[in-house]
Amino acid sequence: MIWVTWRQHRAQLLVTAGFLALLGVLLLGSALEASRYVAEHAPPGCPGPAVACGDLAAALGQRYNAAYSVFGWMPLVAPALIGAFWGAPLLGREYERGTHRLAWTQSVPVRRWLAVKLSLLGGAVVAGGLLLSLMVSLWRPVFRTGVDSTFGNIGVFNMVGVEPAAWWLYAFALGTAAGTLFRRTLPAMALVVAGVAATMFTLFQLSDHYAEPVRTELSGTVLLDDPDARLVSAAWVEPSGREVAEPVGSGCPRRVDMGQSSKNAEAWQACLFGKGYRYAVYHHPPSRFWRFQWTEAAILTLTSAALVGLAVHRTLRRPG
Amino acid sequence: MSPALEATGLGVRFRRTWVLRDCSLSVPTGRVAALVGPNGAGKTTIMHTAVGLLRPALGSVRVAGEAAFVAQDKPLYDSFTVAEMLAFGRRMNTRWDDTAAAGRLAGLGIPLERKVGGLSGGQQAQVAVTLALACRPDLLVLDEPLANLDPLARHDVMRSIMAEVAGRELTVLLSSHVVSDLEETCDWLIVLNGGRLQVSGDIEELLDGHLVLTGPDGASAAGTQVVGASRTGRQVSMLVRGAPPLDPRWQARRPGLEELVMGYLRSPESAALPGLTGVGA
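Protein sequence lines, in the order shown, are assigned to chains Y and V. Quick note, this note's numbering runs 693 ahead of the 1-based positions in the first sequence. Quick note, this note's numbering runs 573 ahead of the 1-based positions in the second sequence.
Simulated from the structure, these hints should not be mistaken for laboratory data. Please note that a few of the clues may not be correct.
What the hints assert, rightly or not - Straight-line distance between alpha carbons at most 25 Å, and here's what the computed SDA-like set of lysine to any residue pairs gives: (1) K956/Y x A973/Y; (2) K688/V x R790/Y; (3) K956/Y x G967/Y; (4) K688/V x D711/V; (5) K968/Y x R948/Y; (6) K688/V x A704/Y; (7) K688/V x R700/Y; (8) K688/V x F966/Y; (9) K688/V x W699/Y; (10) K956/Y x F966/Y; (11) K688/V x R877/Y; (12) K956/Y x G969/Y; (13) K688/V x G967/Y; (14) K688/V x M694/Y; (15) K688/V x H734/Y; (16) K688/V x G676/V; (17) K688/V x R948/Y; (18) K688/V x V770/Y; (19) K688/V x L706/Y.
Claimed, not checked - Here chain Y is said to cover these stretches of chain V; the calculated rule only asks that three of the stretch's residues, wherever they fall, bring their Cβ under 8 Å from a Cβ of chain Y: (20) 648–659; (21) 665–671; (22) 754–767.
Built from N, CA and C at the ideal position, the CB exists for glycine as well.
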């Protein structure tokens, strides 16, 4: 059964492994080049927060962005590909080609055929996701000492920790279930792509509610000093202590900015702060990184379990 | 002799439609049973139920020992080589005769290193049958094994199955809607029509137990059980069961297999089943 699984799915396994290996080489090369640059060009005490380190940070930032642009699409596209090419054909293709009538009439019971395939391929998908997370997590610190954006940047957040594994597993389960629904590969693939995109959007909206946001009152500025926090909402606080979305009758002139300038908005904000207004920001601090990681992973894993359960139920109920 | 396949009160339903109703039959061990009927009669359904691909809503099917199945269109993994198809069979089965399978394919001149998708239809059918036989089954179930094959390949496939039956205690159940394919090879007949069982029995006994009568319109058929009749001008021809009629104007002869099957398929309300005496006309 293990050989059968390997033989039937080796194309997906090899392509995915090859892709991860290629990405590993790219990240390793990028990290080594950056380390050498730091060793050769860094002024004493750098990298660090000192002003003298500015040039170095900018150079590293350029290198980071160049490499990131190569795989920055991965949080959305990789799960969709996993679901379409690992999940959808698993049962969809068997039904489509009629080979399920061959596979499920041998001595190996359907139950065991399903268990072996789902566990081996599901395990491989989770391992692949974790490997991606590990590689990205080892690569990023070379460039970003001191500053981090693993929490605030949803794209990066979905590429580190347990997120890639959870997303890949979810897409695989969704594809497998879609294969039993349509009994054809192509519609199942389409459903996976749409489903992953819809789920990502939904969880992005939902993630604000994973925890009660922290309220911080700012005066003199509308920017949090922590750039990695996730903003949920913001409001003005009148001098009376009442929170309003838009200050009314404050007496501050509000002019619309033209083009790239935010001069007028800043002047208006400064005027409001001068009149005793404060700015309340509801946000999630980066210390909630793991809480959010595990919450999202749990949602995805439980949904995956439900989808796999559905696929198994549909398969065993009427395998013909 | 104990039956190799036994169905009792079998009923299968897809959503609200019954595709098989109240079907009870048994095929004795060592027989080559032909399952015939028009498209949509329930042939595939009865086979899928026998090999466990379908769960019946009512009744049960029992197979004595292991069953091997070749589904309609002989599904195989196109990207596998023939050798890999054999490896698939070896790893998916507890009973597996690799030497016999490899020898059989060598005898048929099918190269092991060739991709299954690149084989001819006849060769694919042979690979599918070889896989099923290599499991050393007690019952071999073949769904339309001869469909989409040219006359030469039909003959080759049928002959190679018969060679296996002769070699050991193997029961075969095969379906077809072409009766002439089955004439020389089968010794048991099952006729299904519209989800109901019409005929189940030994072919020789069935042919001996029926007569084709031809006579003038108006001749009395009293004393016989009429399965079906057809009229051409003043001449009446009918298939009857049991003893010849008293009216001397009838000419009687033994039916051919095709005549017997067609006679029943044209009169879905008639039946010739063991333990069933009343036959309607």
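* To do: Quickly compare the C-alpha distance for K688/V and M694/Y to 25 Å and report which way the hint goes.
  => Holds, at about 21 Å.
* Asked: Regarding the pair K688/V and R877/Y, is the alpha-carbon distance no greater than 25 Å?
  -> With Cα atoms ~23 Å apart, K688/V and R877/Y stay inside 25 Å; holds.
* Asked: Does K956/Y pair with F966/Y here, judged by a C-alpha cut-off of 25 Å?
  -> Between K956/Y and F966/Y the Cα gap is close to 15 Å, so the pair holds against 25 Å.
* Mind checking the alpha carbons of K688/V and G967/Y for me, to see if they're no more than 25 Å apart? => violated (81 Å)
* Asked: Does H734/Y lie within 25 Å of K688/V when you go C-alpha to C-alpha?
  -> violated (58 Å)
* For the pair we were handed, K688/V and L706/Y, check the Cα-Cα distance against 25 Å. => holds (21 Å)
* Coverage of the stretch 648–659 of chain V by chain Y (three or more Cβ within 8 Å) -> n = 6 at 8 Å, threshold three: holds.
* With a cut-off of 25 Å on the C-alpha distance, tell me whether K688/V and R700/Y pass. => Holds, at roughly 14 Å.
* In terms of beta carbon proximity below 8 Å, does the stretch 754–767 of chain V have 3 or more residues touching chain Y? -> Coverage by chain Y is violated for the stretch 754–767 of chain V (0 residues, Cβ < 8 Å).
* **Pair hint K688/V and W699/Y, alpha-carbon separation not exceeding 25 Å** => Holds, because 17 Å separates the two Cα atoms, which is no more than 25 Å.
* Between K688/V and R790/Y, is the straight-line Cα distance small enough, at 25 Å or below? -> holds (16 Å)
* Is the straight-line distance between the alpha-carbon of K968/Y and that of R948/Y 25 Å or less? -> OK: K968/Y and R948/Y at ~18 Å, within 25 Å.
Going through the hint list in order, the structure does not satisfy hints 4, 8, 13, 15, 17, 18 and 22.
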